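Assemble the whole structure, with the sequences as input and the hints as a guide.
Protein chains: 6
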Amino acid sequence: MSLTHLNERGEASMVDVTDKAVSERSARAQSLVTMSPAAFAQLVAGQNKKGDVLATARIAGIQAAKKTADLIPLCHPLALTKVQVDFELEPSQNSVRIASYCRLAGRTGVEMEALTAASIAALTIYDMCKAVDPAIVISETRLVEKLGGKRGHWQRGDEQSGGEQ
Amino acid sequence: MSLTHLNERGEASMVDVTDKAVSERSARAQSLVTMSPAAFAQLVAGQNKKGDVLATARIAGIQAAKKTADLIPLCHPLALTKVQVDFELEPSQNSVRIASYCRLAGRTGVEMEALTAASIAALTIYDMCKAVDPAIVISETRLVEKLGGKRGHWQRGDEQSGGEQ
Amino acid sequence: MSLTHLNERGEASMVDVTDKAVSERSARAQSLVTMSPAAFAQLVAGQNKKGDVLATARIAGIQAAKKTADLIPLCHPLALTKVQVDFELEPSQNSVRIASYCRLAGRTGVEMEALTAASIAALTIYDMCKAVDPAIVISETRLVEKLGGKRGHWQRGDEQSGGEQ
Amino acid sequence: MSLTHLNERGEASMVDVTDKAVSERSARAQSLVTMSPAAFAQLVAGQNKKGDVLATARIAGIQAAKKTADLIPLCHPLALTKVQVDFELEPSQNSVRIASYCRLAGRTGVEMEALTAASIAALTIYDMCKAVDPAIVISETRLVEKLGGKRGHWQRGDEQSGGEQ
Amino acid sequence: MSLTHLNERGEASMVDVTDKAVSERSARAQSLVTMSPAAFAQLVAGQNKKGDVLATARIAGIQAAKKTADLIPLCHPLALTKVQVDFELEPSQNSVRIASYCRLAGRTGVEMEALTAASIAALTIYDMCKAVDPAIVISETRLVEKLGGKRGHWQRGDEQSGGEQ
Amino acid sequence: MSLTHLNERGEASMVDVTDKAVSERSARAQSLVTMSPAAFAQLVAGQNKKGDVLATARIAGIQAAKKTADLIPLCHPLALTKVQVDFELEPSQNSVRIASYCRLAGRTGVEMEALTAASIAALTIYDMCKAVDPAIVISETRLVEKLGGKRGHWQRGDEQSGGEQ
Chain H
1 MSLTHLNERG
11 EASMVDVTDK
21 AVSERSARAQ
31 SLVTMSPAAF
41 AQLVAGQNKK
51 GDVLATARIA
61 GIQAAKKTAD
71 LIPLCHPLAL
81 TKVQVDFELE
91 PSQNSVRIAS
101 YCRLAGRTGV
111 EMEALTAASI
121 AALTIYDMCK
131 AVDPAIVISE
141 TRLVEKLGGK
151 RGHWQRGDEQ
161 SGGEQ
Chain U
1 MSLTHLNERG
11 EASMVDVTDK
21 AVSERSARAQ
31 SLVTMSPAAF
41 AQLVAGQNKK
51 GDVLATARIA
61 GIQAAKKTAD
71 LIPLCHPLAL
81 TKVQVDFELE
91 PSQNSVRIAS
101 YCRLAGRTGV
111 EMEALTAASI
121 AALTIYDMCK
131 AVDPAIVISE
141 TRLVEKLGGK
151 RGHWQRGDEQ
161 SGGEQ
Chain Z
1 MSLTHLNERG
11 EASMVDVTDK
21 AVSERSARAQ
31 SLVTMSPAAF
41 AQLVAGQNKK
51 GDVLATARIA
61 GIQAAKKTAD
71 LIPLCHPLAL
81 TKVQVDFELE
91 PSQNSVRIAS
101 YCRLAGRTGV
111 EMEALTAASI
121 AALTIYDMCK
131 AVDPAIVISE
141 TRLVEKLGGK
151 RGHWQRGDEQ
161 SGGEQ
Chain F
1 MSLTHLNERG
11 EASMVDVTDK
21 AVSERSARAQ
31 SLVTMSPAAF
41 AQLVAGQNKK
51 GDVLATARIA
61 GIQAAKKTAD
71 LIPLCHPLAL
81 TKVQVDFELE
91 PSQNSVRIAS
101 YCRLAGRTGV
111 EMEALTAASI
121 AALTIYDMCK
131 AVDPAIVISE
141 TRLVEKLGGK
151 RGHWQRGDEQ
161 SGGEQ
Chain L
1 MSLTHLNERG
11 EASMVDVTDK
21 AVSERSARAQ
31 SLVTMSPAAF
41 AQLVAGQNKK
51 GDVLATARIA
61 GIQAAKKTAD
71 LIPLCHPLAL
81 TKVQVDFELE
91 PSQNSVRIAS
101 YCRLAGRTGV
111 EMEALTAASI
121 AALTIYDMCK
131 AVDPAIVISE
141 TRLVEKLGGK
151 RGHWQRGDEQ
161 SGGEQ
Chain G
1 MSLTHLNERG
11 EASMVDVTDK
21 AVSERSARAQ
31 SLVTMSPAAF
41 AQLVAGQNKK
51 GDVLATARIA
61 GIQAAKKTAD
71 LIPLCHPLAL
81 TKVQVDFELE
91 PSQNSVRIAS
101 YCRLAGRTGV
111 EMEALTAASI
121 AALTIYDMCK
131 AVDPAIVISE
141 TRLVEKLGGK
151 RGHWQRGDEQ
161 SGGEQ
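Protein chains in written order, with the working numbering: chain H, 1 to 165; chain U, 1 to 165; chain Z, 1 to 165; chain F, 1 to 165; chain L, 1 to 165; chain G, 1 to 165.
Just so you know, these hints were derived from the structure itself, not from any lab. Treat the hints with care, as some may be off.
As the list makes no split between identical chains, a pair holds if one copy fits it or if it spans any two.
Straight-line distance between alpha carbons at most 35 angstroms, and here's what the computed DSBU-like set of lysine-lysine pairs gives [stated by the list, open to error]:
#1 K150 x K130
#2 K50 x K130
#3 K82 x K150
#4 K67 x K130
If you're wondering where the values come from, they're calculated on a predicted model, not measured in any experiment.
Right, dumping it as structure tokens:
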């Protein structure tokens, strides 16, 4: 039986975290949804025809955090102990800023859970407002802060990536 | 039995599309993942430690398109007949541009499916590169083009929203 | 090869509806959630500590309708074209009455989708109010009306089952 | 950047249980499915045309318990270590009484898991018997007993809610 | 903006079937589960400690057929109109032969749905018998017959692959 | 109220593992996909028209391991801490051998997770190659090794089941 091993160059696998200590971990992420003045005015006035935009987006974001391991192939399934999704209106630019927060006691971090919550909340806002403005843009989806684990505290700002300004 | 109706102000519900005609519909969306030069170089060289970043993100995006109705509360379940996720490298800004395409013969459009595919592909790239650069930013998540349905052809550019510049 | 056929007595299988005509079908279902005066007062006043009870239950019900085929083993997967969940308060008995409505153009009815939406909305109300009253009861979960298909129109009342009065 | 905080009145979020102790928790719930004499006779005789009603409902209930966090928006994902669904026939009223039991070692209770198991088992019975009796009613869906956690033992009867008698 | 196209060599995508005609399609698949005499005797006698093995495997197989597009990345979501899973005992070799059947009116075939049903039914039998025999083997998982679509009727035997004999 | 207990003969339930100790557990499984020389040659040459077969199958297998409790009715939900899927080519018989590995610190074993990963990876290979060879056979799906838990180390070979040789 002549075998040829295909995986020499390190193909995709879920990293082994079995031996990591269980510790408290949390992460904050955000995303920004920018729309036309008309779409934003309708959202703020609570007159969107599909219903309450932010209440729906909040539930969608919370539910999505729990689906992260089903969506992101190499993510570990995690028993989240806290998920929160908040919104701030930025009327000067017709934007809704989404802030997500996840926490658990576990063997690996919850950055992807926080980012997934923010992303799906943003897509839900898009879905409910797209009849008025199909050109809505989702930007600034990024990690804000991370606590716990081997590397300890990380906060956006110290080390800057090349994202939008 | 005294009843008080709670839904006078039009609460969230899935829009009725039963009586819409079945027609061919398609949508293109995109997203941009911008990372540090080190993370980008590693991705391009195929040396990411978690595996082949773009192959994994492509599958994640395709799978996510099929989960759209499960993720976005008011989306209708749709029998997608085509999903594609492509990537272009933009070395000048250390970015990966994701282009998604969805198509079906159905009663409602596939914008959300295309946007969800692009968003989850972007999050998967984030996940696989975050060990090198946790500050990665996902931006420019937006609809590019849409065909079919009552409104016919829509293309980004005619009507501009207030997204990032 | 001596074979013994195990399925002579008609074991579970998903009924074949391939040859049924595609037609418009709809269904209405309901459920009743009865709680203590304290829990009901808190719900009505919008002071539940977990958040907006009915907005959350509405989204949960809509999402659940889309998961029906995943929950009920012999249900066919259906492309719902309309899902709605409404609530009526019945202060005289500290109850919330849930009314769900589903519709599609398809080969089989949507009774289970309407009943699943009502049931999961009811469970969500329970979840959000159980800290105040763990003894909440969900009752009167039943089909109210059904349109379309071979049997045409069915409405509760003509033929009475032995449920609660 | 002028911000307006939308969440002052405590919108929906998943309660933080990170700091709660891991302890053994269990819950019992029930539900009652009441049907016409003809439908009940067919179920008891094992002559339902869709297959073995109770075997199918039992599996559906067990599977549903594991999906609770996906169905109920603010439920925490839990690693259930025991799920059981039992049935008792009540011929005098043509009813099937469903009894569910869930258990785990965790940071929060399993009431919703037990209630979801009972509810989905009930809906599965409805689905399999509805061809004979569409007027079937599901009632008395409620928590029976709860052990573990800060509040310790709770049993139905001490404090009575306003449900059916 | 200098772009480098990564997908020249045809990366994974879901084949476009939008323009295919809707037609009736069906598929039969099978799988064989072979176990020790002790495990087989226990299964046949209905004395497996986890419960009724074949009733559980049948439901698992039916449910899995509906999850095919969620499991197999490039499969199209399909609205199955019939799923059936049957078992035959082959006492001479302590085997259970699983036969699955799927059908729909659609734009693409249901081979993967039939194969997924058979595979998950097989794994469920393994799960319930593994306490008695962890060495159980699943083999002969293959398509048996396929009807409909451009290629018409295909039946195992005409063209033979290199599988086991 | 006259009750008849239906569960005397031990119907299906999820085994109670609440009181088992949390310990490190791992499992290895495998599966063999055998195809025609033409399909195998195309796979090896990377010229399959649907895309990169093994990269897609690897992701599908990893994702499937995380869905095990959703697929196999009596499996406990487990927080896997490692999933790996590898492939070896066996050109002499036009076969791809799939090797899966799962690990966690938990109360029950991960055999089903490893077997599910191997099975779904096999089905994905089938899906991508079936246009060239619909007669592909999946065989030798079996547990290879298991570590941890009460029974300790188990390795295929000591005790032989009646599968293929």
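Results of checking the hints against the structure:
Only between protomers do K150 and K130 lie at most 35 angstroms apart by alpha-carbon distance; the minimum there is 14 angstroms, versus 42 angstroms within a single protomer. Taking identical chains as interchangeable, the C-alpha atoms of K50 and K130 lie at most 35 angstroms apart whether they share a chain (10 angstroms) or sit on different chains (29 angstroms). When the C-alpha separation of K82 and K150 is checked against a cutoff of 35 angstroms, the pair qualifies both within a copy, at 21 angstroms, and between copies, at 18 angstroms. When the C-alpha separation of K67 and K130 is checked against a cutoff of 35 angstroms, the pair qualifies both within a copy, at 24 angstroms, and between copies, at 19 angstroms.
In terms of the numbered hints stated before, the structure departs from none.
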